Each structure stands twice: as C-alpha cells, then as structure tokens.
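For reference, the chains in residue letters:
There are 2 protein chains.
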Amino acid sequence: MSENKNMTQRNPTAAMVAIGDEILSGRTRDANMHYLANWLTARGVNLIEVRVVPDVEDVIVAAVNDVRATADYVFTSGGIGPTHDDITALAIGKAFEAHTDVRYDALAILKEWYDARGEEITPARRRMARVPEGASLIANAVSGAPGFRIGNVFVMAGVPKIFQAMLEAVDDQIERGPSRISFTVRGNARESEIAEALAALQASHPDISIGSYPGKTGQGRNVAIVLRGYVREDVHAVALKVHEIMQQKEMRPELIEGMPVTDED
Amino acid sequence: MSENKNMTQRNPTAAMVAIGDEILSGRTRDANMHYLANWLTARGVNLIEVRVVPDVEDVIVAAVNDVRATADYVFTSGGIGPTHDDITALAIGKAFEAHTDVRYDALAILKEWYDARGEEITPARRRMARVPEGASLIANAVSGAPGFRIGNVFVMAGVPKIFQAMLEAVDDQIERGPSRISFTVRGNARESEIAEALAALQASHPDISIGSYPGKTGQGRNVAIVLRGYVREDVHAVALKVHEIMQQKEMRPELIEGMPVTDED
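One line per chain: the protein sequences are A and B, in this order.
All residue numbers for the first sequence refer to this note's numbering, where the first residue is 8 and numbers rise by one.
All residue numbers for the second sequence refer to this note's numbering, where the first residue is 8 and numbers rise by one.
Don't read these hints as lab results, they were simulated from the structure.
Careful: at least some of the hints might be erroneous.
For chains that are exact copies, the list does not tell them apart, and a pair is met inside one copy or across any two.
Think about it this way: if two alpha-carbon atoms lie no more than 27 Å apart in a straight line, the pair counts; the simulated BS3-like pairs of lysine-lysine are [unchecked claim]: (1) LYS256 / LYS118; (2) LYS248 / LYS118; (3) LYS256 / LYS223; (4) LYS248 / LYS168; (5) LYS223 / LYS118; (6) LYS168 / LYS118; (7) LYS256 / LYS101; (8) LYS248 / LYS101.
Note that this is a predicted model, so its numbers are computed, not measured.
The following block holds chain A by itself, in its conformation from the complex:
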C-alpha cells in the first residue's frame, strides 16, 4: 500500500434534512440536495445521509436529533418563511430544547432590509425573526430574512437561490477535509462485461473506491467507472488499468479526469 499522509486524516461528515410536503407530494423536484452534495465534495466533506421529511414538528425534531448525533454538520432546507406552514425554527428550537421567539438581532436585520425598500415589518414578517436562543444568524443576501446555526445544525431556506447564498455565508465555518481525486473511464460496455475484472481490481486496491454506473436508460453500452482516492498517482494508476481492461475488450474507453455530473432525468 502506498505511503499517504492523508490516509490518517479524516474527512468531516455532513447530513441533510430537507423539510417540505411539496417534495414528498411530488409538486417540487428538490434541487438543494444535489447542490449541497457537490458543494461538500469540493470541500472534502463527506455527505453521509439525506432525509426528506414533511412539515410535521415531531418528525423534524426526531430526524434532526438523529442525524446531528452522527454527522459533524447538519444542513436543513425549507420552512423558514413567513407563512403558517413554516415551522422549522420552532422545531429546531424544540430539538435543542432552546427557547425560540422573535429575536431583536434578527428583527434588526429584517427592519433594515424592509426600511431600505420602504416597506413595513408586518406580523407575518416578524415570524421570520424567530430564532432559538444561543443560535448565531446566517446572512441572506437574496431576501433579507436570516437563517441560523445552532450547535452543528445550519438552518437554511428551501428556495434554491437563498439556500445557495446561505451556504456561501457559512463557508468559513466548514472545516475542510482532504480532497479526493477522481477519474472516470467511460466505455462502450455493459456493466456485466467488466464486473469480474473490476471486482479483482477493487480487491487489490482497497484504498481506491471503484464505482460502476450504467447509463440512465439501462440499455445500450455506455458504462462509467468512477475511481476515487486521496493520492493522485494511485487513482490515476487504477484508472489506467480500467482503461487497459476496456481496451483489450475493444470497448473504446475514454479516460477523463474528474467525475462529470449526470442528471438522471
């Protein structure tokens, strides 16, 4: 096994709890999970679990308490707007047994935002200043109303543009892990035609994770083998072996650096 100082370093872990009936009913196709997954991967943080839960307080409390015990960071999305169905702030407060009410620091931010636009803080807008005691605020450059962080949990909006802006706002609070190098070998093959060779390769290279992904239709010959690991030369060496295996079988392999995103639409 190759010498690798990074192997002893640990990747921080993260979990996500997406909150919203609209995702579970099929009305909305969630986009935040995919965005967060890539954002974390770029920072060397491993996303280890995602849960999607409805707008039900007890369910939110249980899910958040479950995952925050295991993951280093937890990101929630959704339910922090001004309407009656936005119950996330209270649920998170309950999960942490923290008193949750309108906080003056959050209200001051809202006041400044709406003042600048010649608008008033209505009772509905005041709801967006409800933040658990002990939480720190997360700036919202898109629409003013802040998210918050309590313990290891980042509570953010469900609207993608705001979710993304809030991620940028907490970027310096996220510890980086050793980044993984990835290579992809695509070939004119079906998975079952190279499965045995890949299994042998995986067995002899336990430090490299080898993933095999068929095309999105499940038909045709368009497999992608993804190699991931911490030491560039090691990952590249295994990628070359996959390339060679495919070459010998005349599968017209193509080796590319990275792990291009596929939308399984």
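Using the hints provided, position chain B relative to the given structure of chain A.
Okay, now just chain B, sitting in the frame of chain A:
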C-alpha cells in the same frame, strides 16, 4: 365541517431508501425520488419519508429496518446490478434475517433473457440472481434482471428507466388510498403579504392543507398557494377564498386545478 366519507379512510403510507454513493457525492442528481413521489400521490399513497444512504451494508440495513417499521410500503433504489459495489440484495437479506443467494427462479429469468440475445450467464450476471429467501420477484422489462419484494419492501434498480418499469410491474400490489384534490392559486405577490390571511384561512379550515411556496429565486412576486383536501367542493371553496384575498390586494390571481410540478433547477 362537511360530511365526508373519505375522512375516515386512511391513506396508505410509503417511504423510500435511495442507495448510492453517486448521489451523496454529487455525481448523479437523483430522479427516482421525484418520480416515485408523483406516482404515489396519483395512487393516494402518502410518501412520508425519503432517506439517501451510501453503499454501506450496515447503514442500508439500519435505514430499511427503521422505515419499514413505520411505513406501509418501502421502495429502495440502486445497488442491484452485477458489479462489486452492488450490495443491496445482501443488505436487504440481512435486514430481514433471510438467507440470500442465487435463486433458480431468478436465474431462469436471466437465462431466458440472455439466451434470447445469444449471450451467456457469466459469474457477474449470476450475482443479479441473488435474492433473499421468501422474496417474490419483480419483473424488469428493460434489462431482464429482476428486483424483488420481501415483506413490505420493494427492492428496485437505480437506473431511472428500470426503476419506473419495476414500479409498473408492482402497481397491482399497491393499495390505493382516497385521492386528494388540489387547486393552485398563483399571484403577483410575496408570501409575507398574504401570510396572515392564509393563517386565518388555515385555522378555520383544518381539513384543507394550505401550502405557500415562493418562486425559486426568492425574489420577485410569484407566489403559489396550494390547497389540498379530499372533498372537491371544499377545496375549491377555499381556493376561491384565496383568489378573492389576492383579488382584493390587486395581486392578479390565477386559479388552476391541480398542483403543477415545478423543477427547482
């Protein structure tokens, strides 16, 4: 409260466990969750939770055992192909404490599929015939290799086309629930401008669920209010009230039947 024979009827519930490192790393944007959500809603089944977990046996076992205790049906996606990283069948077997090995009924299906194409059952392909004892098979019209059902858990492929074909194959095993009627009122408004009126409406109509969704950018004036319930005339009546509220505020409301899907891309 209106007379409603459906109110005593219960909607069956479902949970999903999506299995795959490629979703958590951001390589793949999952499409099955959104498809399943709509498929279940159309059948009056409530999707109550989704979990995305990595290709790690113990984690899969724990997640499946957790959700199968609560939901009437569980659907898993991913990890049933021929390669070394496909470990779902064994994990599900472990969750049910059922012996899992190559089964002759599954092998016969594979044999027929590959025979018809002049191909052989390689050891890798044999892996796809590993099915826990006591499970029934789920047909795969796309690529042959079957999924399976054990207890209330449907184990299906991650490739969207195959996932969808397998859903059709188990359609008659899913009990229908009373279907919910939905109306959507869109308006030239921000959430906070109608939040108080909506909260009052929700309080006086506990049978109707009222969801409020801002546009995907978090800016501009394009709110969608979704009304859902079991009795068409009741849901429609509340939708008309929302329309009236918006009309009075000159928000140019538009009332449409249903709950158009939005892709939050």
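Item to check | Violated hints - listed by number, lowest first | outcome: 2, 4, 7, 8
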